[in-house]
Amino acid sequence: MAEPTGAQRRQSRWRDMLAGWRAHHGEVALDSFKRLLAQPVSSAMTWLVIGIALALPASLYVGLVNLQSLGEAWDSSARLSLYLKLDVDDVRGRALAETLHNDAAVVAVQYTDRATALAEFRAISGFADVLDGLNENPLPALITVEPVTGLSADNLAGLQQRLAELPEVDSVQLDLEWVQRLYALVRLGQRLAMTLAGLLSLGVVLVIGNTIRLAIEGRREEIVVIKLVGGTDAFVRRPFLYTGLWYGVGGGLCAWVVVGISLLMMRGPVARLAGLYGSDFSLDGLGIGATLLLWLAGGLLGLVGAWLAVARHLGDIEPR
Amino acid sequence: MAMIRFDSVSKRYPGGYEALSRASFDIAEGQMVFLTGHSGAGKSTLLKLMMLMERPSQGQVFINGQNLRNVGRTKIPFLRRQIGVVFQNHQLLFDRSVFDNVALPLVISGCPHHEIGRRVRAALDKVGLLNKERNNPITLSGGEQQRVGIARAVVNKPPVLLADEPTGNLDPQLATEIMNLFRQFNQVGVTVLIASHDIALIKSLPYPIMSLKQGHVVRQPATQAEVPFDG
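If you read the sequences in order, they're chains A and B.
Note that the first sequence covers residues 1084 to 1403 in the working numbering.
Note that the second sequence covers residues 42 to 272 in the working numbering.
Simulated from the structure, these hints should not be mistaken for lab results.
None of the values given here were measured: they were computed from a predicted structure.
A hint or two may mislead.
Unchecked claim - Here are the computed lysine to aspartate or glutamate pairs in the EDC-like style, where the Cα-Cα straight-line distance is at most 16 Å:
1) B:K116 <-> A:E1305
2) B:K89 <-> A:E1401
3) A:K1117 <-> B:E174
4) B:K116 <-> A:E1401
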């Protein structure tokens, strides 16, 4: 066989070094993980702390996603309620309803005369005795208008404005208002969740940073020896970065379990509540995307925390 | 060529204490030299300057032709890989086996896996501890621990071997055995510098002795003329 050329030899040397580097990464990752398992109680506590810290914003996020889907379900069934003036009689009322029905922006119209309104109110409200005491019917006639679907909020508001200006109409109530309020609340909640996530992420970074600081202190001798025999900063850093990564990913897993358990506990009451509203609404869990994001965020925060601790404390440990 | 060269090197510590004053000497490639002097005379400082654990206040240090002044912080590890060091207190790690202790410099320099086993066993064989590779170093005697330290220092085949009081805690017979190990490494071309105050032992060996007095290097002729010392 021919002698390998210099280039070939160099190439195989590089390949050897790369293989060695990769093998070392694998070993360090495994060794860091084993070290965590060797102290199961303290590791589990750290994981749980990180898990709870991550679970709080994650739960809030799940709740908001659910609220939003609830809003969307009702969004498509926007209704306008036109309360007519008390001096508008049934004939004029029905005529107006007929006219509105021909409006391009309107799909369906329902007219409720004053007597029917009173009867319905009497049946639902339980104020029958009070109503009997009144000598005249206080309720206005009502036209319920269902606009064409897919109108934007601005268009709906425009329609509301136009209808309110009709001479027979006293006031117009857009049933969408509560959906808009819900959205405003959801937006507020999102901001809250983001603030909370930011603060708790900082907390996670600090917890991991402090844990890594203790780990560095515990391996001081080893660090000194490694530096003496020619270990680079990257080499010294590596096990601690992996430790941080494992803390973070484990914490993300804990958070996932915590969120899952809370959802499971809320599923029954939510179904009962939805049943009372005649809805078949059910809670959505964390999707695959959000789950991956949770683990990724955990891992990333772990790395950042470890990196900060290492940058801060590793330089102090030098052979003397 | 000088493997180790000090060019009027001074080291003052904060507070004004001068551990080394204008020390100049050369140690040629393949030479073995003893460094002696009572404690506080600057032996440790001299070794630390070679390892870049300290920087000189004045003067220049050269190792293997490399001016250490030009070795930046991030390059220090690569300098240390060229220097095997044996410590009086061994500096072994008791959380891993003898094998893993000796393998550490190879792992650090990214040596391929299959080669690590071969080279660690070769080093352990040389110091006579091949049968102890699986032991934890804490179970070994002081002399054996020192030999593990020596195996770790030479496993990377460094051109320079430094030793700081390697026989400090050993009885005379073990001390002679350890010295014989260093002589064997020197015979295969390694430049060896041993700091020791075991005057009786080092005077009985045919190597030049360099002594430090209050930070000054005092040359002493080789006890046997066939080993010259161009200090």
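These are the hints, each one checked on the structure:
1. B:K116 <-> A:E1305: violated (20 Å)
2. B:K89 <-> A:E1401: holds (12 Å)
3. A:K1117 <-> B:E174: violated (22 Å)
4. B:K116 <-> A:E1401: The given pair, whose Cα atoms are some 15 Å apart, holds under the 16 Å limit.
In terms of the numbered hints stated before, the structure departs from hints 1, 3, listed from lowest to highest.
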